[in-house]
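As you go down the protein sequences, you meet chains A and B in turn.
With our numbering, the residue at position 73 of the first sequence is 73, and numbering never jumps.
With our numbering, the residue at position 44 of the second sequence is 44, and numbering never jumps.
These are calculated hints, taken from the structure and not from any lab test.
Keep in mind the model is a prediction, meaning the values are calculated, not measured.
A hint or two may mislead.
Okay, the calculated bits of chain A under chain B, using three or more residues with CB under 8 Å as the criterion [claimed, not checked]:
{"no.": "1", "stretch": "57-65"}
{"no.": "2", "stretch": "214-227"}
The calculated label-pair distances, taken between Cβ atoms and stated as ranges, are [claimed, not checked]:
{"no.": "3", "chain 1": "A", "residue 1": "Asp185", "chain 2": "B", "residue 2": "Leu50", "range": "34 to 42 Å"}
{"no.": "4", "chain 1": "B", "residue 1": "Arg161", "chain 2": "A", "residue 2": "Ile146", "range": "21 to 29 Å"}
{"no.": "5", "chain 1": "B", "residue 1": "Gly63", "chain 2": "A", "residue 2": "Ile101", "range": "37 to 45 Å"}
{"no.": "6", "chain 1": "A", "residue 1": "Ile271", "chain 2": "B", "residue 2": "Val11", "range": "33 to 41 Å"}
{"no.": "7", "chain 1": "B", "residue 1": "Gly220", "chain 2": "A", "residue 2": "Thr254", "range": "20 to 28 Å"}
{"no.": "8", "chain 1": "A", "residue 1": "Ile146", "chain 2": "B", "residue 2": "Ser155", "range": "21 to 29 Å"}
{"no.": "9", "chain 1": "B", "residue 1": "Gly7", "chain 2": "A", "residue 2": "Trp263", "range": "50 to 58 Å"}
{"no.": "10", "chain 1": "B", "residue 1": "Gln221", "chain 2": "A", "residue 2": "Ala338", "range": "37 to 45 Å"}
{"no.": "11", "chain 1": "A", "residue 1": "Ile22", "chain 2": "B", "residue 2": "Glu172", "range": "54 to 62 Å"}
{"no.": "12", "chain 1": "B", "residue 1": "Phe57", "chain 2": "A", "residue 2": "Leu90", "range": "32 to 40 Å"}
{"no.": "13", "chain 1": "A", "residue 1": "Leu163", "chain 2": "B", "residue 2": "Leu85", "range": "39 to 47 Å"}
In this text, a Cβ means the ideal position worked out from N, Cα and C, and glycines have one as well.
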Amino acid sequence: MIMKIPSHQEENCCPPQKSGTIALIIESLFLLAAVGILVVGSLDGRQERITTLSINFVALLLEAMPFMLLGAMAGGFIEVFIPRKWFDRLFKGRGKRAVLIGAGMGIVFPVCECVIVPVVRRLLGKGVPFSAAIAYLLGGPVVNTIVAGSTAVAYQYDWNMVLMRLVCGYIVAVTVAFIMGLLFDRQSGLILARTEQGAGCCSCGHAKEQAVTFTGKIRLAVRYGRDDFFEVGRYLVIGCFIASLLRSMISISTFQSLAATPWLAILLMMILAIILNLCSEADAFIAASFRNVLPGSAQLAFMVLGPMLDIKLILMYLTVFPRKVIITLSILTFSCVALLMLLLEFWGGV
Amino acid sequence: MIDLERGMRCVVLFGWAILYAFLLGDSDQGSRLQQFLNPSLKWLIICGLLAAALMLFETVTDGKKKRTSSRKERITLLIQTGILLLPFFYFPLATTGHLGIDAFQNRFIGGEDIRGALEKEEQDRIDETDGDLFQELLKMGQEYEKRHQEPKKPSLMQLMRNPQNYEGKKIEVLGMVTRDEQLPPQTLYAFRFFINCCAADAIPVGVLVRYSGELELEPGQWIRVTGRGGLYQIGKETMPLIVSDHLETVEKPKYPYVFF
Chain A
1 MIMKIPSHQE
11 ENCCPPQKSG
21 TIALIIESLF
31 LLAAVGILVV
41 GSLDGRQERI
51 TTLSINFVAL
61 LLEAMPFMLL
71 GAMAGGFIEV
81 FIPRKWFDRL
91 FKGRGKRAVL
101 IGAGMGIVFP
111 VCECVIVPVV
121 RRLLGKGVPF
131 SAAIAYLLGG
141 PVVNTIVAGS
151 TAVAYQYDWN
161 MVLMRLVCGY
171 IVAVTVAFIM
181 GLLFDRQSGL
191 ILARTEQGAG
201 CCSCGHAKEQ
211 AVTFTGKIRL
221 AVRYGRDDFF
231 EVGRYLVIGC
241 FIASLLRSMI
251 SISTFQSLAA
261 TPWLAILLMM
271 ILAIILNLCS
281 EADAFIAASF
291 RNVLPGSAQL
301 AFMVLGPMLD
311 IKLILMYLTV
321 FPRKVIITLS
331 ILTFSCVALL
341 MLLLEFWGGV
Chain B
1 MIDLERGMRC
11 VVLFGWAILY
21 AFLLGDSDQG
31 SRLQQFLNPS
41 LKWLIICGLL
51 AAALMLFETV
61 TDGKKKRTSS
71 RKERITLLIQ
81 TGILLLPFFY
91 FPLATTGHLG
101 IDAFQNRFIG
111 GEDIRGALEK
121 EEQDRIDETD
131 GDLFQELLKM
141 GQEYEKRHQE
151 PKKPSLMQLM
161 RNPQNYEGKK
171 IEVLGMVTRD
181 EQLPPQTLYA
191 FRFFINCCAA
201 DAIPVGVLVR
211 YSGELELEPG
221 QWIRVTGRGG
231 LYQIGKETMP
241 LIVSDHLETV
251 EKPKYPYVFF
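So that you can see chain B by itself, here it is in the shape it has in the complex (with noise of 0.2 Å):
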């Protein structure tokens, strides 16, 4: 008689322990663990994969006999081990997307508090003939140029963290990109998402870009900005804000996630 508990136990460490494995590996779009996972967290995914594979070893190795008799038991076995596999059925999905606009609006914290304050500003517009913060911008901005001509290329958690050490600096980002009908006219927002431990507690992290010019961009579109970095104050916040001067559609990037 076919011991079904352990074949079922046999398929669900295998799944596992080669899931791992192929996560340590690397695809043509890079490390397939930096598509769900910080790569710090690499010995986790060892670790789970020794787990697996001892467990496998073990339930192979293991000379007890066990019955499954009733056609409940049986039942309750497949359902069981149908769980345990569920997400096997949603991996080929998840490695070949990466979170987008969608999941940028469920958790773009802080909205409402940039809108309000885009829209107060719009009042008294600045553009780039009058407004004093593009003035000073600019004449920062050319200090700067003489004495550098290449461009900075701060990550966006830094742009984040010490947006004042950008401030009149010629900066280069690459970022994804979303635009609000609540946000002025010439203005969007370039994010990518950093992610802590895993994917799902990945927070968009962005800077708001301010461009001449008509443009035609989808949301979720990958672009390069060059620009002048410069400061937007928002209640207590202050937010990375780049005056653009050069802004250009790009591929998707081998590695979309930033990391801590």
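Just chain A, same shape as in the assembly (with noise of 0.2 Å):
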């Protein structure tokens, strides 16, 4: 059973989501080019870049739609079954240290970051500080188990790089967080609607349902993951589809003869992450691929930068952050990572 608590807007508590003029006409433009692509490119002649293009975007989004479904269940869950005062004895009065915590979190809590979005969306509702649920965000799909397992895989059980790999995620999203920390707090560094409602039945949290039963509790768990999924799905189709492009018109090779110097390596891997939009948990291969090709830095630069930021991240990032946070956020862990890489490379390599 589930009882709705009177709101203020019982007649309309969920309107579809309200989408700026701006972001209705990006969105609609996008829809046009991307069915447009699909039909002159096959009717022009260029059918296996077309066909190229259809397995990368469909197999992509297949591996990704499952992670995104399961993760706004999973944040559904949170939502309904985790009491806030949980959250609060975690993190609560620990100041720095809900820092430290969250960007570990992923050790217990593995997801991909595919997932990280919807969970932190629920995540910060529940109270979890501004700077802590960053780090958790930042953090989460690289200091993780699987992620963990994954690049032993990929790297032959050469534990040195797992542990680089793990180490710097972690020191790169306690670091970003921090400056957020100073930079931004909750009413600042968050869509309001997140802020402080805790995610009601929608996004605008009006009518914020209780369930009774067990069976209702489920029930009101699928209909908040549902919702999320409606709210952030779109971001990851859009996201998969301009890295599917790109995966299938720049040559890989191109990055290689330009890759002459470490430095130069490092910035172009940090390019290629963002580009290509790999899961978290397969970004090892690709990286893997360019041993004895590309220094160690450069290698581990694409693994650290590709979880926390690509394409699709930064269109799902536009369902919790104001643009000029996420522009902050992605300036600074972009220099970040730069500048850690720089570091190791330059004082004996990776």
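Combine the two chains into a complex, taking the hints into account.
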């Protein structure tokens, strides 16, 4: 049984997601372009390239969408089943230690980057401090037991590389979260609907529902998950499409031939990480294919930055943070990874 | 009044649930899942199916009425639904095709090294009569052949990972052909795509094939090569090489990709 707490907007609690006119125009243009590319490409004899694009796009989404659905559901279950006081006990009054905990939470809650945004949205709704949420957002998909396993397999159990990836991911997540915590707070750093209402039946949070029975709670969790999926899911589709398009057009060897110097290699691999939008559980295999071609620090840069910052993530961040926060977060994360990798490179390499 | 939002949500969730159920089945070409993902990720598809089905059930049985009042809201809803359904437009083409030469050219790593090494080697060409490598391989192959008549059939992944295990041995591989003007004459590269997670992260793995005589092969054509394995040193990398004594064109295999 699900009861709805009376609200000031009984009639229209969950309107369709409000999208500004500009966002609507951009989304419409994207849809037109994506369908247009398929039609025009199929007609003008670029069949093989369009086939490659189709396979990349469908495969990326087939892999990422279950993570997104599960992540949204996980967020829903956190919302319904984990009381706010549990998070208060974990984070409240811990100050900077909350950031240290947040950046390492992926060890206990291992999630990949496709899942992390809906989960963090719910955690923020539960009152998790802003900087700790940023730390988990960045650190979760890297400092993570599953990612450690896939990296170990990709690098043929080169534990040095696995350890370096986890440690560097943790350092970047903590550093960026601390700085973000100094620059923003919950009020200025989050989209208002997410900061206070704790996510009700929709992002507006007007009519927060409460379930009485266990079955009712399960249904409520599923409903929350579904709402999150419809709010964030389209950004995953847009991100995957852009990534597939770039992946079909840009040759990896272009980067290889340009990467004659270590600092340039690091920079180029970071750009490649943003463009390719690979899952944090698969990117190690791509990075490992650059062994004996590029310096270890460049491979590490690819594996540390990719799960924190890529096209689809930036689009999904739009559902949580205002634009100025996303820009700041992106610049800080990029700079921090670049700096750390350059330090590693010039202090003896990886 | 029609509940447009609920209707659109049902279409999206039903579509994704059906797609995942479809992928769990088999077609004439084998497992549908293997066209896109590593089969070990079947559990992920099942999870996706269950999650979509649960959300669909909740949407269908949700008694709450939602009104989509303004025209802008209705257009927004349609656009957002269209984006979530976009993969379905691309699915027919994706499911009938496979990664080929175009993807190979974008994803091959180390091409410049191989070309450079082969060009250098071209200057003191190894041929069937006077090359040390060839003579050595021939000798090892003949000795081995005395003991084993049937060729080994390692996967291209096995060859790439441990080429030394097949040095001098008679082996057979299946792969797609790519030829490059910068490769020396009578040399081609036979490759397949190795998928770790999904086809988007697939990378080509393959072997250099040295053959004799003239061959009319189209790029992307599937071939079966039988010959003696060897090693080819490029910088720090050791690449597998086959000196072919039999090469034939074949149909695209049921499972064109290789998996970890």
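Hints versus structure:
no.: 1; hint: 57-65; verdict: holds (count 8)
no.: 2; hint: 214-227; verdict: holds (count 5)
no.: 3; hint: A:Asp185 x B:Leu50: 34 to 42 Å; verdict: holds, 39 Å
no.: 4; hint: B:Arg161 x A:Ile146: 21 to 29 Å; verdict: holds, 23 Å
no.: 5; hint: B:Gly63 x A:Ile101: 37 to 45 Å; verdict: holds, 41 Å
no.: 6; hint: A:Ile271 x B:Val11: 33 to 41 Å; verdict: holds, 37 Å
no.: 7; hint: B:Gly220 x A:Thr254: 20 to 28 Å; verdict: holds, 22 Å
no.: 8; hint: A:Ile146 x B:Ser155: 21 to 29 Å; verdict: holds, 26 Å
no.: 9; hint: B:Gly7 x A:Trp263: 50 to 58 Å; verdict: holds, 54 Å
no.: 10; hint: B:Gln221 x A:Ala338: 37 to 45 Å; verdict: holds, 44 Å
no.: 11; hint: A:Ile22 x B:Glu172: 54 to 62 Å; verdict: holds, 59 Å
no.: 12; hint: B:Phe57 x A:Leu90: 32 to 40 Å; verdict: holds, 33 Å
no.: 13; hint: A:Leu163 x B:Leu85: 39 to 47 Å; verdict: holds, 43 Å
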